[in-house]
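Here the protein sequences come in this chain order: A and B.
Under the working numbering, the very last position in the first sequence is 166; numbers go up by exactly one each time.
Under the working numbering, the very last position in the second sequence is 103; numbers go up by exactly one each time.
FYI, nobody ran anything at the bench for these hints, they're computed from the structure.
We put the beta carbon where it would ideally sit given N, CA and C, even for glycine.
There's no promise every hint is true.
[Stated by the list, open to error] Some, not all, of what chain B presents toward chain A, calculated at C-beta under 8 Å: (1) Asn43; (2) Leu56; (3) Asp99.
[Stated by the list, open to error] The calculated lysine-lysine pairs, modelled on DSSO-like cross-linking and capped at a C-alpha distance of 27 Å, are: (4) Lys164(A) / Lys102(B); (5) Lys164(A) / Lys90(B); (6) Lys90(B) / Lys102(B).
[Said to hold, decoys possible] Some chain B residues near chain A, calculated using beta-carbon distances under 10 Å: (7) Ala3; (8) Glu75; (9) Leu100; (10) Lys102.
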Amino acid sequence: MFDVPLFLTFAAIAVACAINLVLQTHPISSALSLVGVMGSLAVLYLLLGGQFIAAVQLIVYAGAIMVLFVFVIMLLNAGAEKRPSRRVLGAAVALPLLFTAAALGAVMITTQIPKTAAVKFGAFQLGGAASIGRELFTRYLLPFEVTSILILIAILGAIVLARKEI
Amino acid sequence: MLAPITTAHYLVLSAALLLIGTVGILLRRNAVVVMMSIELILNAVNVNLIAFSRHLDQVNGQIFAIFVICVAVAEAAVGLGILIALFRNKETVLIDEIDLLKW
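Construct the complete structure from the given sequences, taking the supplied hints into account.
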């Protein structure tokens, strides 16, 4: 019964924080806005029945990745960026086009998928750690192992990039 | 009574986040903020995947969302490493001042 207000509240928070991310001039403000987006999206994942994904979203995104971003911002000592002057024309052309694309996309989505069942909290039972782990270690075992190789390559790349003589 | 929330609502939210992320990539000058906009786009993809996972009543979309999160982590680590190396050489992270490959 609280599905509709919860969705509306947290979707509005997510969109508002995303717009704030683009509008703020200081990178730290943008990073905090991105944390707001991540947190509200985690609540939306819970509404969709993805408990495990919601936890992963909070731990990995809002925890690890954002700490990395804030760390890099403080390391680079990046101040507030000045308002771009020569990009105003591009923005004046691009923004109406993008909003038109957004409106078209919304209309297309709502007409293509007109009658779907309502998303009820608790209706989807497969989002727990047990069922996801079972799928991940049986059917998606090969992609899972390939992902570990990807992360290994990323670690090696980060170490190589962080050396002094590049 | 408000209208019930359907999958289409989640898809509209996802499209909005993706477009805002695109605007961020196009308009911001700071490379760190550009990378944050990329993370926003990856999150929009995740919303789509999880909404369709519930819509089709299968767990596959959530597995793919986990893979997307893994790729985003790797991308953030390597991308921020590149940014730090770039800052060490060029003393800037503003993308319109990094024009080494521009003739």
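Lysine 164(A) and lysine 90(B) were given as a pair; does the straight-line alpha-carbon distance stay at or below 27 Å?
holds (14 Å)
Interface restraint verdict for leucine 100(B) against chain A (beta-carbon cut-off 10 Å)
violated (14 Å)
Satisfaction of the alanine 3(B) interface hint, Cβ to chain A closer than 10 Å:
This interface hint holds because 8 Å falls under the 10 Å limit.
Just to be careful, I want the Cα atoms of lysine 164(A) and lysine 102(B) compared with a cutoff of 27 Å; is the pair within it?
With a Cα-Cα distance of about 26 Å, the restraint between lysine 164(A) and lysine 102(B) holds, given a limit of 27 Å.
Are leucine 56(B) and chain A close enough, Cβ to Cβ, to be under 8 Å, as the hint says?
violated (10 Å)
Would the hint on glutamate 75(B) stand, with a C-beta cut-off of 10 Å toward chain A?
Holds, because the Cβ-Cβ distance from glutamate 75(B) to chain A comes to roughly 8 Å (cut-off 10 Å).
For the restraint on aspartate 99(B), tell me whether the closest CB of chain A is nearer than 8 Å.
violated (14 Å)
Less than 8 Å between beta-carbons is the criterion; does asparagine 43(B) satisfy it with respect to chain A?
holds (6 Å)
Given pair status - lysine 102(B), lysine 90(B), alpha carbons within 27 Å
holds (15 Å)
Does the CB of lysine 102(B) sit less than 10 Å away from some CB of chain A?
violated (15 Å)
The structure is inconsistent with the numbered hints 2, 3, 9, 10, although it conforms to all the rest.
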